[in-house]
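Colleague: Here is what each chain is made of, one letter per residue.
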Amino acid sequence: MYWLPWCTAAWFVSRRAGFVVEPGGGRAALITAGTSDLPVADEARMLLEATGVEARLVFVVPNGIPDEAGRFAREPREVPGVLFVGVHLESKGVVVLADIGSAILSVRAVLNDGMADGVTAVLADAPLVEGAIAAAVTASIGGDVEAVRAAAEEAWNVRKL
Amino acid sequence: MSESSNNRRAVRLPEGVDLHARPAGALVRAAAAFQATITLSAGEKCADAKSILQVLALGATGGSEVAVAADGSDASEALEAISGLLTTLS
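Just so you know, the sequences run in chain order A and B. Counting in my numbering, the first sequence runs from 1120 upward without gaps. Counting in my numbering, the second sequence runs from 226 upward without gaps.
If you're looking for bench data, these hints aren't it; they were derived computationally from the structure. None of the values given here were measured: they were computed from a predicted structure. Any given hint could be a false lead.
As the list claims (entries may be wrong) - Covered stretches of chain A, as calculated for chain B (at least 3 residues, CB under 8 Å):
1) 1239-1245
2) 1249-1255
3) 1258-1269
What the hints assert, rightly or not - Now the in silico label distances, taken between C-beta atoms and shown as ranges:
4) Ser-315/B / Asn-1231/A: 39 to 49 Å
5) Thr-312/B / Leu-1224/A: 48 to 58 Å
6) Ser-289/B / Asn-1231/A: 23 to 33 Å
7) Leu-1280/A / Glu-302/B: 32 to 42 Å
Each residue gets a CB set at the ideal place from its N, CA and C atoms; glycine is no exception.
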């Protein structure tokens, strides 16, 4: 395993006593590549579960975007320096969110390699965690690829405070 | 957007129940079932009830007042459902 020297991110969970995650019917897959993005993807996953979206982390390799049956690469493989989170829309497609910089180039390379037949994949221009939350919740209520991408990109315009 | 008093209603969140991730997720899913545009207002902020980020950013706290407005063919049903959901959040 290759670790970039600045990849020291970590996360912890703090929950009030008695907190129970209650699935609300939505489902999403957060697709991660590399090592540095796992805490980011985990943060998105935990927040998604709190909103009632059943989320799971999926490692992806180049050419590992899921096919229309939802099958993913079986073996996790490290792709150092790549940072992206995707939202898998059941059989409808994949919306990918990437960190700024070389991750964009890496994701584009993956997307340019082509998807399995019938799978639409798009790269959303959005902040990672907020975009992933918006995208996954929109996907869980039946949004199509364009609706999910629009939801992710809306994250630029929603002030937190 | 002009709205009559018929499709606007103020409700109060239950004490101790903030509009955080879990209730916000439930709200967005409920709102998505309607064709109507549904807007929530809390303090000086307003949110599209179908946008999880906007609903979370409302920062509405337990016991505070939230105004619900709906506009569209099923506005009255949407208003009823979303108002009811907000007052029974747990």
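Colleague: Confirm or reject each hint.
Modeller: The hints, checked one at a time:
1. With 0 residues bearing a CB less than 8 Å from a CB of chain B, the segment 1239-1245 of chain A misses the requirement of three and the coverage assertion fails.
2. Coverage of the segment 1249-1255 of chain A by chain B holds. Counting CB-CB distances below 8 Å, 3 residues qualify, and the rule asks for three or more.
3. Against chain B, the segment 1258-1269 of chain A contributes 3 residues with a C-beta closer than 8 Å to a partner C-beta. That satisfies the three-residue criterion, and the hint holds.
4. Between Ser-315/B and Asn-1231/A the Cβ separation comes to about 48 Å, which falls inside the hinted range of 39 to 49 Å.
5. Between Thr-312/B and Leu-1224/A, the C-beta spacing of about 50 Å keeps the proposed range 48 to 58 Å intact.
6. One distance hint, 23 to 33 Å for the beta-carbon pair Ser-289/B and Asn-1231/A, is violated here, with the actual separation near 49 Å.
7. For Leu-1280/A paired with Glu-302/B, a C-beta distance near 34 Å keeps the hint of 32 to 42 Å intact.
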